[in-house]
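*Asks:* Given the structure of chain A, go ahead and fit chain B onto it with the hints provided.
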Amino acid sequence: MPDPSAQPLVELSHVGVRGSDRWLVEHVDLSVHRGEIVTLIGPNGSGKSTTAKVVTGVLKPDAGTVSRLDGLRIGYLPQKLNIDWTLPLNVERLMSLTGQYDRPQVEQVLDSVGAAHLRTASVQSLSGGEFQRVLLARAIIGKPDLLVLDEPVQGVDFAGEVALYDLIGRIRNEVNCGILLISHDLHVVMAATDTVICLNGHICCQGTPERVLESPEYQSLFGPRAAQTLAVYNHHHDHTHLPDGSVREHGHHHDHGEHPHAG
Amino acid sequence: MLDDFFTRALLAGVGLALVAGPLGCFVVWRRMAYFGDTLAHSALLGVALSFLMSLNLTFGVFAVAVLVAVALLMLQRQASLSTDALLGILSHSTLAVGLVLVAFMTWVRIDLLGFLFGDILSVSRIDLIVIYAGGAAILVALAIFWRPLLAATVSPELAEAEGQRPAVAQAVLMVLMASVIAIAMKLVGVLLITSLLIIPPAAARRFSQTPEQMAGIAALIGAIAVIAGLMASLQWDTPSGPSIVVAALVLFLIGFLVPVSGLFKTQAKGETSK
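So the protein sequences, as listed, match chains A and B. Using this note's numbering, read the first sequence as starting at 1 and increasing by one per residue. Using this note's numbering, read the second sequence as starting at 1001 and increasing by one per residue.
Next comes chain A alone, as it looks inside the complex (with noise of 0.2 angstroms):
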């Protein structure tokens, strides 16, 4: 769990980023601690992506500054990532892209995103789902500090999205790393994150996730009606969907019995 007193893994401070002809983003102030989900949240061409950025240090701030712990790992699932085809590259090589990882290491990474099959699979293979499990492998084999997630859900169907949060809830604690994570819809990721930062250009409302979909700000950028569709998802869960597709039982009140496709 996040332990505000020690020092952020990474804290930006007051940073813009220019364009070329304005702002993509600016006086933006966050900071991730371990331990730490945060969600960055936003529409279309609101600097998300570009805030990422500066916090992987890809893209250097031309106002503000921005500190990182000295010797900071980070894990990082890009946006878009675009294998091409002449590339022959399985899943097992993918996993060292960046680091050397001996069988077991890479065995035991996809094992805990229930993508352990798909090993000797080539990326291209891949369903969306599936690549968006084997990136977030890849991005935490190296034990980082710091995992920057930019729309891990992207190309994955709602139950999909689901499993892939719970997972990345898990990982923060098997991992003790902080996650800034980004995402165009807050209701799927409210149980998983800490602190919800909002933006469109800049910071428009940050919090808890229940006091920025509360929030005015939240409402008048997304629409009263995104505040309304809560209900839907933040029921109780009694059963959790694995990512392998089988169901792990949380109380034992009824059963699912065995689902044909598990395992």
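Among the hints, erroneous ones may be present.
[Stated by the list, open to error] If you want a taste of the chain B side facing chain A, the calculated C-beta under 8 angstroms gives, among others:
1. T1083
2. S1155
3. E1157
4. R1165
5. S1208
6. P1211
7. Q1213
To be clear, the hints were calculated from the coordinates, so they are not data collected in a lab. We put the CB at the ideal spot given by N, CA and C, even for glycine.
*Replies:* Relative to the frame of chain A, chain B by itself:
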């Protein structure tokens, strides 16, 4: 043995293919075929300038290729033209300026056809030393930068976020390409160099499951193409450079006849690792 011009040609060609195959893989993966062509065409400007300033030919070609690569990078940042159009401008203007300069230099006799299409049969012992020493240096550099280059090829952003320097890797790749072009120009000529960078990797793709495998198979296919092409040119008295390229093309086409899908089907999705 090295007294025989044909043996020297074989050795030179195989040496070049062993380097061009692995390096060419990056050209294919990064979709830099036209970029490679542009650097190759600029080699003729390098030839002309080398004669004009009495420089070593290989060095002159290398230097001009590096300059063109740098110019392209700078233009990409500034100009509003697409990379495609910029490459078209640089590619043909360097070739044309080179040809015009050569025409002005009436005091030297330049075998233009030799530079355009290569003259592998006139390879000297010194050339062989340059090819093998230069080739070895290129392969060593490629091995050292293999991992960052591969990461930068998959995603420069990801590589940079995770502590690598994709810009350095890209610069290294350009220098290596310029070097290969400088070495290869004399053998296969300005107009055909890129084919040795592209056809063997393209042919190797279907038979490879890892990037490293593809590099190795591409080197092998390139070497076979050189040997087959030179043999054919001896047999039928065809021009040597184009014969090598035709041989590579034939190997590429033969590759399509080999049923590969059955070879790898077990490796596709669904195979359990337990």
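*Asks:* Would the hint on R1165(B) be counted as holding, given a Cβ-Cβ threshold of 8 angstroms to chain A?
*Replies:* violated, 11 angstroms
*Asks:* Measuring from the C-beta of Q1213(B) to each C-beta in chain A, is the shortest one below 8 angstroms?
*Replies:* holds, 7 angstroms
*Asks:* Close enough to count: is the Cβ of P1211(B) nearer than 8 angstroms to one in chain A?
*Replies:* Result: holds, 6 angstroms to nearest chain A Cβ.
*Asks:* Holds or violated: is the Cβ of E1157(B) closer than 8 angstroms to a Cβ in chain A?
*Replies:* It holds, given that the least Cβ distance between E1157(B) and chain A is near 5 angstroms, below 8 angstroms.
*Asks:* Should the interface hint for S1155(B) be scored as holding, given a Cβ-Cβ cut-off of 8 angstroms against chain A?
*Replies:* holds, 5 angstroms
*Asks:* Less than 8 angstroms between beta-carbons is the criterion; does S1208(B) satisfy it with respect to chain A?
*Replies:* holds, 4 angstroms
*Asks:* With a cut-off of 8 angstroms, does the beta carbon of T1083(B) approach a beta carbon of chain A closely enough for the hint to hold?
*Replies:* It is violated, given that the least Cβ distance between T1083(B) and chain A is near 16 angstroms, above 8 angstroms.
Checked against the numbered hints given earlier, the structure breaks hints 1 and 4 and satisfies all the rest.
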